[in-house]
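Protein chains in written order, with the working numbering: chain G, 937 to 1282; chain B, 42 to 172.
One or more hints might be untrue.
What the hints assert, rightly or not - Residues from chain B that face chain G, not an exhaustive set, calculated with beta carbons under 8 Å: (1) His42; (2) Leu43; (3) Leu49; (4) Pro50; (5) Arg53; (6) Ala140; (7) Gln141.
Think of the hints as simulated: they come from the structure by calculation, not from any bench.
Here a beta-carbon is modelled for each residue, glycine too, at the ideal position from N, C-alpha and C.
Below are the chains, spelled out letter by letter.
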Amino acid sequence: MDETVAEYIRRTVLKIPRDEIKMMLQKWGFLSEAQLQTLNFHQIKDNISQEVVQLCEENSANIKQAAALDIIYNHIYQNKRMWSVYQMKKSGEELEYFDITDFKKKFKGRLRSTLKNVTITFKEYEDNAIWIRVAWGTPYKKPNQYKPSYVVYHSQTPYVFISASVLKSNLPLLCQALIVASNYHDIREMELRSHSLDSLKDIVFKRYSQNFQTYTPKLLQEENVEPENADIRIVQENRSEKERIHKLNQEAFGSGPQPKLEFAQYRLETMFKSDPKMDVLDKKEPFRCLVKFSSPHLLESLKSLAPAGMADAPLSPLLTCIPHKARNYFKIREKKGLHPENLVSS
Amino acid sequence: HLATSLPLPSERDHLRPSIDLVVFMIDIKSKYSLKNVETSLAHVDASFFLGKVCFLVTGVGRVNACSIETNAVCKLGEAYCSPVLFCELELEGTRIATAQRLVRMLRICAGHIPGVSALSFVSLMRKSDDD
């Protein structure tokens, strides 16, 4: 077995938390049950990984199998990576039948015709997700297995989720291979990034609970704003205000759990508006400013701002439009016209 | 009665009993909280400041998150001749103890304790080096 393969398997096993190693090796299926029985999972990870490498040696593992183990690890720990969303466009409206074998062949063909040194691995999952792992090399160097790119493609949708490796130069090639393989004619990066792959899927596949405006909101029974057992001796003086805030919040965010995003970034290219007497920034140039909101769970924290009394309701549409517009990166420019208001553009 | 600020909404005036004690809660982590209390104080009738007003500062357990200086709150208490209590709501012990203190004060302010008036009690609460 190649030394580089052995080292790569050893390092991959070391990444896995000790209690999960057995499960992951079983999912991998490369080592037999009998071989797995011989492993002692109660020793330190260094020793476990050495033993795993020895067993792989017995089975003559190659880089393809090692890559398969890496995909399994990254599928389970997908939230450790940062994912970007790309949208593909078809030229016509014809629904073509998706053939997975054809897709794989075209994808590999396209990549290999430009770059001979690549390792390409596919894995399909039950939710119609196709995971692709690509390790990149150069015409003179073997692929770097430690910095691969991951692509997640749901064949029934025009969306691709990419977690690129540090080498940004390979991205155009990857995108090209994707559109060729999937019979689309164009691909563009959306302004949507997050660690939570599932939440990105929720946003673009519209799987989160959205609130649809009804024409007769007054007919709905006023919801109990205080679900917890409030003592009847406590009187809320501002009940109507609390209910107004709750209603506006429901309209803006819906009632279900929010998709998980870690940040929203607004790049402002607007003019600085100050008191003319203050004479600040006399030049008529846009004031460049970057505003970034970060949180372990941005949308839930935005949703709780008004009820907690930390912001006025309704919240700015710049914040509440994030899931609907499927973006968390914004550029805000001046609107050209008589009334200078802000225009959100891409 | 819980309210986010003063004045109280007028639509509930007819439902409200007479008020014996006003406790202004200031979250030490929020400058806005202090500002809100300062604005609300203007809506309190002067007669309340004879022992029927108290300031409760919460969140003092989290030293790293303080946005307001305790000095500023103590000065506020002095300016309005009202006691300032400090407590940490997240700790059950101080929470219960503070609640008991407030209930005792409320009973005095409501006139349930014979021989002790709100005014006499609040002058007892003042630190001796104030005079």
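Tell me the numbers of any earlier hints that the structure contravenes, in ascending order.
6 and 7
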